[in-house]
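Chemist: So you can see what is in the structure, the chains are spelled out below.
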Amino acid sequence: MTNPIANLQRVSADYKTMDKKDKKRFWTDMILNNALYILMAIFIIYTAIEQPNFLTLGSFANLITQVAAYLPLALGIAGCIVLTGTDLSAGRVVGLTAAIAGVFMQKTDFANKMFANLPAINGWWIAATLLAVIAIGAVIGLVNGFFVAKFSLHPFIVTLSTQLITYGIILWFFALNGNNGQPISGLSAEYKNFVGGAMFRLGGVAVPRYVLYAVILTALMWFIWNKTTFGKNMFAVGSNAEAAKVSGVNVFLTTMLVHTLAGAMYGYAGFIEGVRAGSVAASTGLNAECDAIAACVIGGVSFVGGTGKISGIILGVFVLRIIFVALTMLGVDSSSLYIIKGAIILCACALDMRKYLVKK
Amino acid sequence: MKKFFAIALALVMALAMVACAKPADAPAAEEAAPAADAAKVVVFWYDESDVYLSSVRDAMNTEFAALGITPDNQFAANNQTTQLDQINTAIAGGADILVVNQVTSGASDTAEDIIAAAGDIPVVFFNRAIGVDGADVTVLENNASIAFIGTDAPAAGHMQGKMIGDYVVANYDAIDLNKDGVISYAMMKGDEANVEAIYRTQFGLEDANLVIEAAGKPALQYFDAANTDCYQVDQAGAWSAAAAKEYMDTNFVSYNEANGNMIELVICNNDGMAEGVIASLQEKGYNVDGAHVVPVFGVDATDNAKALIAEGAMTGTIKQDAQGMAAAVSQTVKAIVEGSAPVDAIAGLTDERFSIAPEVATKLYVAYAPYTGE
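If you read the sequences in order, they're chains A and B. Position 235 of the first sequence, counted from 1, bears residue number 235 in my numbering, the numbering being contiguous throughout. Position 326 of the second sequence, counted from 1, bears residue number 686 in my numbering, the numbering being contiguous throughout.
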């Protein structure tokens, strides 16, 4: 399987030995298994014909910028889905960490600064804030993981609870120090530059630094998933927790760590989100988990558990963002956008399940 | 059979994409024919379900059509990052002018980001504030390529407060259900962070009390002494009828006529919330024909609110002029795409409903008006 050319030769040799009926099945299987790619290709070609701006460098820069913004959340939530779970708290954790990063990063001379006595913004303070929000995300993840692992509660229930609790904390936080629920504004130039400063320009559109960070995070997650014992244990627990336990995997610790890692990713996403929106409001992060979960399932991270690849998650995020960008450029109203998104998630999962059932 | 089903699924998906993509490009093709220089106008709305903005959108589509412009409407589902993604995508798609109903109301930094992303493309902000406490004026002064069309945020609150005050003074004894000489009120706030909501919550009460106290009556008193905020807020920030109704339903459990502590007057940040409050009151037998009417005040003068006022179920609202807003935005956009600078486009508007803000020439106010029935 590792050598694609040898693999292709083997498939073509197999194909020659097939009779007519098998050949027909071979093609239908191939079309169905790759339906998503084929449809996306058709969709991209259609959009490019209707709206030539879609295939420009500037448009590509816009696309990868959006992908880089949505990827960290999907990478985090994917681990929970591999464990047959989910995480509904992701969006609110992003909101909370974005708010905390926001107040730490407000300009020193900003009139409506929430906490007046914070240190001046420099590299160390930015690094400390980044670590702090990642830690806060991780702690919420740890709480999720603990209740899931310790009491065998379904993650849906646990994370629904933490979602509500986190939102309560957000509202409380926004009312602190006479802020009265106002959006957190006046983010310092250093912070904005650290996250969103232009690395280079493609077709006149700046590519921000968080694209690079997303690449680094993706590489890190790939390493964790594929090259560490923890990653292998995660898949073992996801496919069959009982079997994993019998073969000596610490299910409790693995579940806790998966959720903690996910929380850390949300913390990072929150750090980015404030700069992306220009300010942080109490509603920041609302429903962010929906897009992340959708990206995962489109990319083949299955709710059946124990399956999923980092490359699939990237693909899923790309599919969602391509749909968004293309339909926005075509001027399709957003009601149809929701319908199309829903249809694609449904079909992608149905086709994915079909592969799974055939395997079984 | 299974295979057939799977193929059918894939087909449905393909059809959904093509079918939904088709109608939108049809007008674009028609538009290209009459005028070669047809401008690409993209309007970004903070949310699709806002009642008042839906009437603005309706009116605006008509206004634009009359001017030969086909706008492309985008909705951000109350999410600022979604809106920024939409804006960046529209810029990459060659938009000629951006008309923005900013999600995070009052965030001048977000407005600056949008302006920076737009570069040379003119931006017309409308309805939702792009700064608080004069920050919007700075943004407008620093950027010649933009304009703001909105309402003078405190004005609606002041007007609502005066309306409530006058009504209370004229009907004091009828409103005072438990005859304790004090009128207890409830306040429904639309969004914790929205400037308009904050001003309406503040002035709707303060100005009412000014009028009431000037007439020698005691000030309105919040019904729940334990709530020091003195308002109940839609936590989703959606100004929704549902949130207001849930609050009222809950309030009724401990505050009702039987306990002698019934809420005697309700002030709402908008008509949507007023509708929710009235629905709750009507379930309990108030505000219907022949029953006691608890005065409920809103802002916006939506069609539903006007109907409720006509029925006698609602007392008053402040007319937020959807037609006027739509006319102001579409005429400004038209002038800008024809080559005017935003400042000239704003100055060129001649309509008694509009007034240019005293602080800066690119900020236009659309007037409010009290409404208590035709």
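Everything labelled a hint here was simulated from the structure, so no lab data went into it. Ideal Cβ positions, reconstructed from N, Cα and C, are used throughout, including at glycine. One thing to keep in mind: the hints can contain errors.
Claimed, not checked - If we take Cβ atoms under 10 angstroms as the criterion, some of the chain B residues that face chain A in the derived model are:
(1) S468
(2) Y527
(3) N554
(4) A639
As the list claims (entries may be wrong) - Below, simulated SDA-like cross-link-like pairs (lysine to any residue); rule was C-alpha separation at most 20 angstroms, straight line:
(5) A:K107 - B:D493
(6) A:K192 - B:A477
(7) B:K400 - A:I49
(8) A:K107 - B:G494
(9) B:K400 - A:G306
(10) A:K107 - B:K400
(11) B:K577 - B:N538
(12) B:K400 - A:T56
(13) A:K227 - A:G306
(14) A:K113 - B:E472
(15) A:K113 - B:N538
(16) A:K113 - B:P514
(17) B:K400 - A:K227
(18) B:K400 - A:Q51
(19) A:K192 - B:K400
(20) B:K400 - A:N7
(21) A:K107 - B:E472
(22) B:K400 - A:A48
(23) A:K192 - B:D493
(24) A:K113 - B:A477
(25) B:K400 - A:K113
(26) A:K23 - A:N7
Chemist: State for each hint whether it applies.
Modeler: Verification of the supplied hints:
1. S468: Given a least distance of 6 angstroms, the restraint on S468 of chain B holds.
2. Y527: violated, 28 angstroms
3. N554: holds, 9 angstroms
4. A639: violated, 25 angstroms
5. A:K107 - B:D493: holds, 17 angstroms
6. A:K192 - B:A477: Holds: K192 of chain A and A477 of chain B sit about 14 angstroms apart, inside 20 angstroms.
7. B:K400 - A:I49: holds, 18 angstroms
8. A:K107 - B:G494: Holds, at about 18 angstroms.
9. B:K400 - A:G306: Between K400 of chain B and G306 of chain A the Cα gap is close to 48 angstroms, so the pair fails against 20 angstroms, i.e. violated.
10. A:K107 - B:K400: violated, 37 angstroms
11. B:K577 - B:N538: holds, 16 angstroms
12. B:K400 - A:T56: The given pair, whose Cα atoms are some 18 angstroms apart, holds under the 20 angstroms limit.
13. A:K227 - A:G306: Roughly 16 angstroms between the alpha carbons, so the hint for K227 of chain A and G306 of chain A holds.
14. A:K113 - B:E472: holds, 18 angstroms
15. A:K113 - B:N538: Distance ~46 angstroms between K113 of chain A and N538 of chain B Cα, so the pair is violated.
16. A:K113 - B:P514: violated, 23 angstroms
17. B:K400 - A:K227: violated, 50 angstroms
18. B:K400 - A:Q51: At roughly 13 angstroms apart (the allowed maximum being 20 angstroms), Q51 of chain A and K400 of chain B satisfy the hint.
19. A:K192 - B:K400: violated, 31 angstroms
20. B:K400 - A:N7: Violated. K400 of chain B to N7 of chain A sits at ~50 angstroms, over the 20 angstroms cutoff.
21. A:K107 - B:E472: Given that 20 angstroms is the threshold and the Cα spacing comes to 15 angstroms, the pair holds.
22. B:K400 - A:A48: holds, 18 angstroms
23. A:K192 - B:D493: Violated, because 23 angstroms separates the two Cα atoms, which is more than 20 angstroms.
24. A:K113 - B:A477: With Cα atoms ~25 angstroms apart, K113 of chain A and A477 of chain B exceed 20 angstroms; violated.
25. B:K400 - A:K113: The hint is violated at about 39 angstroms.
26. A:K23 - A:N7: Roughly 18 angstroms separates the two Cα atoms, so the pair holds.
Going down the numbered hints, you'll see the structure goes against 2, 4, 9, 10, 15, 16, 17, 19, 20, 23, 24 and 25, while the others check out.
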